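2 protein chains.
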Amino acid sequence: MASNSGRRLNIDNINPHVRAAKYAVRGELAVKSEEYRAALQNGATDLPFKQVISANIGNPQQLDQKPITFIRQVLSILENPALLEKGDVLVNHLGYKPDVLERAKKLLAAVGSVGAYSPSNGAPAIRQSIAEFLERRDGFPANPADIYMSAGASSGVNTLLHIICADEKSGVLVPIPQYPLYTASLSVLNATCVPYYLDEQKNWGTDLATIRAAHEKAKAEGVDVRAIVIINPGNPTGASLPEEDIRAVIEFARQERLVILADEVYQTNVFIGEFISFKRMLRQMQKEQPGTYDNIELASLHSVSKGMIGECGHRGGYFELVGFDPLVQAEIYKFVSIMLCAPVIGQCLVELMVNPPKPGEPSYDLYIQEYNAIFNGLHERATALHKAFEQMEGVECGVPQGSMYLFPTIKLPPKAAKAAAAEGRTPDEFYCLRMLEATGVCVVPGSGFGQKEGTLHFRTTFLAPGTEWVGSIVKFHKEFMDKYR
Amino acid sequence: MASNSGRRLNIDNINPHVRAAKYAVRGELAVKSEEYRAALQNGATDLPFKQVISANIGNPQQLDQKPITFIRQVLSILENPALLEKGDVLVNHLGYKPDVLERAKKLLAAVGSVGAYSPSNGAPAIRQSIAEFLERRDGFPANPADIYMSAGASSGVNTLLHIICADEKSGVLVPIPQYPLYTASLSVLNATCVPYYLDEQKNWGTDLATIRAAHEKAKAEGVDVRAIVIINPGNPTGASLPEEDIRAVIEFARQERLVILADEVYQTNVFIGEFISFKRMLRQMQKEQPGTYDNIELASLHSVSKGMIGECGHRGGYFELVGFDPLVQAEIYKFVSIMLCAPVIGQCLVELMVNPPKPGEPSYDLYIQEYNAIFNGLHERATALHKAFEQMEGVECGVPQGSMYLFPTIKLPPKAAKAAAAEGRTPDEFYCLRMLEATGVCVVPGSGFGQKEGTLHFRTTFLAPGTEWVGSIVKFHKEFMDKYR
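Residue numbers (this note's numbering), protein chains in the order written: chain A, 1 to 485; chain B, 1 to 485.
The shape of chain A in the complex, shown without the other chains:
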């Protein structure tokens, strides 16, 4: 039906800022892949593949990853507290350890019922437990009053950008390539994205000269740059920033008076190097040079969706604020109040993530065994995929460093670019679409994350089990190159 059909709303009169937003992770290719999946489920036999591999999104439990037993046992009791009346059955017949029951009791005491709203910023006892985790992790105190529970990190980013951006001149420095949540949210808010490129030659690390140049250019154009987003470890790239890079960003934020948004959701997905939190580094610098860094405002985000937990569907997360004005925090509280509170079972899941079984506790052995198996499995799959990329003509990819993704460069022949243009697509979109049609593997074109002019990439997760799908990509690539060379 035509868009100007007499309806009140049409594509030309709805919110133009929503229309301008782009979100390729769940865009055309993802929709098409779901159609293939439905067709296969309905018995389609005319497709050249037997399964769809959703490598477009970090969704571990959709693929192969099993949830961690301790976590799900506790959650099952939270959903049905009547089970606690049959503790002996749980322990003797269902394999629940006593610490599972204890934790469930503690969390129920903290939230009352998972069916009740919590305070808008999250259940106080859970925020207390997060603060203790942060203290253990960083070696510096954390205050539960500065912690806000959110429905995944995405909702936390949405909150923070809503507060920071006052009008269309408000700018936020965003790394490119990036997770498109940032650009999409800034579009919706009608604020200004100030892109800065990561350095592919240095494992996609931050390059301060590049950041500074992007900042200067934006300022010269009249943009009121207010904040800088750092994704560490990186998405889509997996790189963990070394201490000197973090220090440099904090120093830059001080000089230029920028709020730091540290997206640290991949903090446990680290194969190479070490995760260092911005909070720890900031506190360290404040200690080294008293007074110098007191005015820095930092928001750091975490989530249950990634790491070895991988519980995306539960929409759990939090952010911690450092150095924010109390009056601004009151506005953040009011803003999150409008949506009432983060899902309470997701809040409990955050508590289980930050406070897992300790050595010597009954559930510890199984927990650590499952945790390590997931970690090692991810590393192995990343390595196998990387190895496959090394065989592929015109494909270059750094050694897997962490997160859940690889982001190879692809060099495609001019004939492919021409064929893409004929379809009104960018060459990377064209390549990824052909890959989906040939193999059932759904990846995201680099243009969905941003890439330097003249370069092409795609992002794939390394979550899918088995090697068959990797082989199918290698085969597809060869045929594609042969066709368009």
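Derived by calculation from the structure, the hints in this document are not laboratory data. Fair warning: this is a prediction, and the values are worked out from it, not measured in the lab. Hints are not guaranteed to be accurate.
Same chains, same names: a pair is fine if it fits in one copy or spans any two.
What the hints assert, rightly or not - In silico DSSO-like cross-links for lysine-lysine, where the CA-CA straight-line distance does not exceed 30 Å:
hint	residue 1	residue 2
1	K106	K66
2	K452	K202
3	K50	K387
4	K50	K202
5	K22	K219
6	K418	K334
7	K105	K50
With chain A fixed as given, assemble chain B onto it according to the hints.
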């Protein structure tokens, strides 16, 4: 610390639209009541009450309401599917009926894992089940492709207002008194709220002449009025609209080309009258006069937070679109994609709400017994509270009709208004604050929902058990009136 302390963000430079938003349901009084609650938990003995009653928000499970057994048993299995391997233990030792296990299997087949992201608009099989519920409820077909799962109805409202409002001239007709989600969201979006008053003399029903006048006035002021919000049954008032009022609103929407947003989250909380959905009425009118109502766009919202389910903490809900342009729906899909998906366990809860055990199924008897007990308990509490209001000087309140609230008028002496003004408060705020301090009962001043100039109200839920708290309100009111008369 002062607001202009050298920080980048202060109360004067953050997003002014967030700052302008008001959300009294979780405002100053709610925060103060939580402080009292914490003080009591820490053993405070200097307060004139022993417990805090949060009558400010419809949060049944925070107070007394037990979750429905069938629902929570299924959810416990969804959280820990390994329990299905011990089906005999569940049935023989834990009292799970076979239909609980069956439903859990069905939902697990629908979502894979509750820890995995679903498609952005919700799991297809759950949307199918909702469509079947809507067909049973309304007697007209529903299409799963037009159903969008949301994190409670609030997030659905947020989505729809984001699409509808293009700029600051975009206006939405909102009933007064109203649930402040609407005014707050419109503030954040910097769009225009066009208030229309409900008719207190007619049980807070819609009065078309009033709506029309508000609309004309807004149009004359250059507002591009695009939609009308109807809360049916009403919040804070509980009234169910009769068929003729719904027809009148639909006819008005046709004449004035307005999208209808039907907030129907209290559809089962009806003591007097009958719930009639806008969808049913619209389809009926389309059938009666073919062609006339084809261009009406309707979005109707529902939630697991209210009704006899009362599972607010799970943040589950959906909205159904009727008559929307496919291109506009594609933008809605993209918008919800940015936040990935509604909590998957909450999606499953929606399915359990719309498709409860049927007569003859093993879980039915207990289900219907629990359901009716909650319904009757709410009705009894509402009646008891209403009776108390009848005894109170200067308090007037219609017979309870539904939802979870009463919204009495209060007439306060001039001396009270003067004392309020001296504190920089409205008289109703002043009254509610004194009530909280004297009784520990937290209600919301009428000004938080909007009220006609010169009238005063407060909103209270009737969810709290027992009669002591009601007695304490009566006693407080007498003392307040004696003091300020």
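Going down the list of hints, with the structure as the test:
1. For a Cα distance limit of 30 Å, the shortest separation of K106 from K66 qualifies both inside one copy, at 25 Å, and across copies, at 19 Å.
2. In the homo-oligomer, the alpha carbons of K452 and K202 lie at most 30 Å apart inside one protomer (15 Å), although the nearest pairing across protomers, at 64 Å, exceeds that limit.
3. In this homomeric assembly, K50 and K387 come within 30 Å of each other (Cα to Cα) only inside a single copy, at 24 Å, whereas the closest approach across copies is 67 Å.
4. Taking the closest pair of Cα atoms, K50 and K202 never come within 30 Å of each other, the shortest separation being 39 Å inside a single copy and 62 Å across copies.
5. In this homomeric assembly, K22 and K219 come within 30 Å of each other (Cα to Cα) only inside a single copy, at 25 Å, whereas the closest approach across copies is 33 Å.
6. Proximity of K418 and K334 under a CA criterion of 30 Å is satisfied inter-copy only: 29 Å between copies versus 52 Å inside one chain copy.
7. For a Cα distance limit of 30 Å, the shortest separation of K105 from K50 across copies, 24 Å, qualifies, whereas the shortest one inside one copy, 45 Å, does not.
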